[in-house]
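Trainee: Now that you have both chains on their own, put them together as the hints suggest.
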Amino acid sequence: MPMAITPETLPARSTIDRMAPPSGVGDKVFRWLTLAIALAVVVLVFLVGWQLARGSSLAIQKFGFRFLSTSTWDPVAEQFGALPFIYGTAVSSLIALIIAVPLSIATAVYLTELAPRWIRQPIVSLIEMLAAIPSVILGLWGIFVMIPWLREHPFPLLKKVLGWTPLFSGPIYGVSMLAGGIIIAVMILPIITSVSREILRSVPNLQREAAYALGATRWEVTRIAVLSYAKRGLFGAVILGLGRALGETMAVTMVIGNTPQIRSSLFAPGYTLASVIANEFTEATTDVYLQALFEIGLVLFGITILANLLAQLLLKTMGSSLTTPAVQGA
Amino acid sequence: MTKLHRLGRKFLGLSLALGLSATASAQMTINGAGATFPYPIYSKWFDEYAKVDPSVRFNYQSIGSGGGQKQITAQTVDFGASDGPMSDENLTKAPAKILHIPTVAGADVVAYNLPGNPALKLDADTIAAIFLGQVKKWNDPKIAALNPGTNFPDQEIVVVHRSDGSGTTYIWTDYLSKVSPVWKQKVGTNTSVNWPTGLGGKGNEGVAGQVKQTPGALGYVELIYAIQNKMPYAQVKNSAGNFVKPSVESITAAMATAQVPDDFRFSMTNAPGNDSYPIAGATWLLIYEQQKDATKGKKLVEFLKWALTKGEEMAKQLDYAPLPAELRARVLKRVDEIKM
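Protein sequences, first through last, are from chains S and Z.
For my numbering, add 63 to where a residue sits in the first sequence, where the first one is 1.
For my numbering, add 711 to where a residue sits in the second sequence, where the first one is 1.
So that you can see chain Z by itself, here it is in the shape it has in the complex (with noise of 0.2 Å):
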């Protein structure tokens, strides 16, 4: 090849380089960044509204709640995503309001390993004890009372929990919290606590594994993980005393029955009504409520609305429970509030 060949090569490459550069500068980029639970539909969302408004691109980095708090905090994204509302605390650092808006919600499942698996029940008051330390064995008299019928083995339950600090955790200590108050003075709410006993597994995989490999363990893994992976998981008893299986429709009605305020910082654990899973909980994006920047912002809201109405039409398909209707009306009200 000779030397002015060469050359020609290089400026083709370095203005298509230019050119591509160009159209997507003339593209707007939505930063964001948070949490990993909804991070598959969040994707899912934003792929589908390329088509919808191929001006906008979205670019979410799930770094986990923690992370988008402080980045959305620090300012340096522009919406963050969090599996937990945040504190009054944090909430008093940013520098401006924070609207919560919540997407979609997902449960805790009590995934066990037993021989033969045979369908479990269990209410409150033995998941607690379970976790606590203090129901041991399988044939315990509790859980012998919650399932007549069934002979479980003289073995000891093997509890294992998540490791990583995790949106699931935190709503399953929420709902522990409520349920038990020993539970609550000795361990309390948060995306990581210290546990009073069992095995810590990183990740839903690493629960599951333990769990799928430990005969006698018991574990809590996200509803969406527990169906994917075709692990047997139990019925939990609600708060109006019937017995629930988990599962996307029985998550909405446990939405629809919470106790939502004004700023949508609400815990959906352990909620009234006849079908309602108790260990649930929703996930939020989290937004200033003055935008910076007016055609950004203005875009972002569209954006919401989308997801709001369409997105959450996708939510079932991936296993998330969407918002109920009326919870959606009050979201979409105040998404248009937001000031540019």
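Here chain S stands alone, though its shape is the one from the complex (with noise of 0.2 Å):
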């Protein structure tokens, strides 16, 4: 509730007539430059998309749609299709949602409604750590400590109870797309939970109040009060973290098995759009090779801003949805 205007909330009259009159000029200018800088923005994703459909024009011409839908990437025949590729970001990044959004959104919840103070902020740093950590050094440890034990231990038991689906046939490698979607999942995680804590924590206490008033458990409190009331803000966290999750590149390419082949089986390696431009652009000396990449480039491109504004969409729906009085109220 904004504060009562009072005589004793107004500044002194003296202070009042020492200030300039207000001519409005800095008002102005302020709003200009604040415009200017947000165009700016807007102009440099344009910029980007251009440079990417510039540099790659020569294969959109020469591949068309066909670029899309193949799954042939031969460097010395100059044939390319992104095919495999699309497949492998997609379907590493989801297993990295899977995985990160109810880790991440549980020790959200944990730290902002059961946590006893002393322990919060000692595991808001180490998450806050976790997000500095390199992703090559992330890689690293991928290929030497992770990898190893996923294939001892992990992947030999997800086999043996759910290896009738074909997600979890084949031989076991230990690179492979779940493995992919597994080191991502550890790089998401951080943004996704700081941001739904931040959320959390913006719910109002009468929130929490008013359920605690109408007899409701500790769990109903956090369900009805806490998570619905902060649904959208999770998600767009959420969306935060998928668009990390499409973009991880160092760390992926390190564990991922780097093959461009669709397979069922998630023990089986894959590719991402990020891996491939990250592995094959210093090398690359023929010019379609290299707009092939480039165009691989401006596919990804496509693919987060299609996956943000799906989001918006959403966010959209979601609000219509949200009719309870206690969101309305807020």
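Read the hints as simulated data drawn from the structure, not as lab findings.
Incorrect hints may have been included.
[Said to hold, decoys possible] Residues from chain Z shown here face chain S by an in silico Cβ test under 10 Å; the list is partial:
1) Ser793
2) Gly795
3) Asn801
4) Ala928
5) Asn940
Quick caveat, the model's predicted, so the values are computed rather than measured.
Think of the CB as a built atom: it goes at the ideal place given N, C-alpha and C, for glycine as much as any other residue.
Mentor: Quick look at the structure:
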């Protein structure tokens, strides 16, 4: 509630006298300046897209839509199809979200709703530290620690229990689509957790108190008063995570096996859009090859924008469904 | 601290900075970019050469061979570097004639991971069959025939190759294309190819990591990397029919017997000669025959001459193979023909 304006809250008369009369120039400058900065971001996005499209014009002409629908990636014969990379990016990001979202939101709930005060700060700091680990270090950790462990313990277990589904069949090499998804999950955990935590913290206490007053248990309070209130914000946090997942490169490259193929098994190696650019850009010597890599960049750019647009749309439909009085009152 | 005091310090700092930049501009900087494989020895050369001629400083960016070829063609650097020779098509894009100056050579070794790591001998045919996905198991008769007395397990061969474009892959696929018509027709030679089988590891460390940890794995890495990480590697049968262990000596031997044309764009895989290791390749500096900037060109030629004499002697300590004497003489002669 805004503070009521009373004579006490106004500055003393003498202060007002000393202030320059409002001219409006400053406000105008401020307004145009911020507008220019905001527009610069838009221009930047368009420039990136335009540059990518220009850099790949030859490949676009040569391959057309086949680029998106074929699976051969042959730099020698100069035949390029991006489908396995698109598939790899989508699947690895999906795995990452499936693993990271419940973990992150549960962590955020624990930190805001349940954890004793003394434990909060250390956990928050640790999570933030996780975000500070360079990608390539995580990748090396992936090769030398995570992969051998996954190959020895969780993967054989998954195969034993779920081997009858196509998702967990076939030989286990360690490096795989699943390993790629897991490493991305580790990388997007901090961002989803931090953002979710901030959102849950911004849920007004009145919400919780109201639910308690109605006799709700702690779980019910969290579910009804906190989580559903913060639904949109949490969704936004997940989208931020997805944005990072789509573009993660170095660590993924090191554990995904880098094989452009589409296999139903998550134990099979895969490849992502970002990885193939990182892997092959430096040594690409022919024009078409280089342009095909540019086009991969364009596709990734398109997918990221598409994912964000879809998210916006989802948010909109979500907004209209949120008609509980508690939310409307906020 | 008083304001004046602070101002004084600022001035001191400013004049120091100006002084430094003045000495820096008196020094000439020669810019280069390209291959990553020879980066360790090139940096060593630049370091040592700074003692010989303190007036030049080299700035080398190891951005990859593709980048090296592009930058020299665009004339944004004074010299390029590449692990593979430039194609005819790319050479025609350059505004003037580009010379290939071979500097050192390296080799690809076949690293593997078997229980107890027994010694392994392979020939061209078997290597090609493994990488084509035709030989799938360690106890394949082809492997057994080459290694009498060794018992190989009934285990799948997990093939590991480089996923990043690299000179190492160029050498590897160049070799396979020479020895296997099927490979040549189905896959071909390049810095990265459409692999018929196997897992991709990023960089030597990625391949080595996967080979070391996957029982039954087999992959190729640079000799230097295998030596420094004490990995077991196979002897390979050369075209003379001898099994040769990869080493600096057997690479130089291969270079001595390889056919080297006058533009030095040569491939030394599957070279003849009793002691030649067959899976090896050179790396090149790319330089315009007609130098635009005479003073810079002169300094660059002086450096090249030093590198091809004194520099070559340092190659061995870093596990690079130096050029054989005869080839060195030919290259030096060509360097002399660079025009200012």
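Trainee: Next item in the hint list is Asn940(Z). Is there a CB on chain S closer than 10 Å to its CB?
Mentor: With a minimum Cβ separation of about 13 Å from chain S (threshold 10 Å), the hint on Asn940(Z) is violated.
Trainee: Tell me if the interface restraint on Asn801(Z) is satisfied: Cβ within less than 10 Å of some Cβ in chain S.
Mentor: Interface hint status for Asn801(Z): holds (6 Å vs cutoff 10 Å).
Trainee: Holds or violated: is the Cβ of Gly795(Z) closer than 10 Å to a Cβ in chain S?
Mentor: 8 Å, holds
Trainee: Would the hint on Ala928(Z) stand, with a C-beta cut-off of 10 Å toward chain S?
Mentor: With a closest approach of 9 Å, the Ala928(Z) hint holds.
Trainee: Restraint: Ser793(Z) near chain S, CB-CB cut 10 Å. Satisfied or not?
Mentor: For Ser793(Z), the interface hint holds, since the closest Cβ of chain S sits about 8 Å away, which is under 10 Å.
Consistency with the previously given hints fails for number 5 only.
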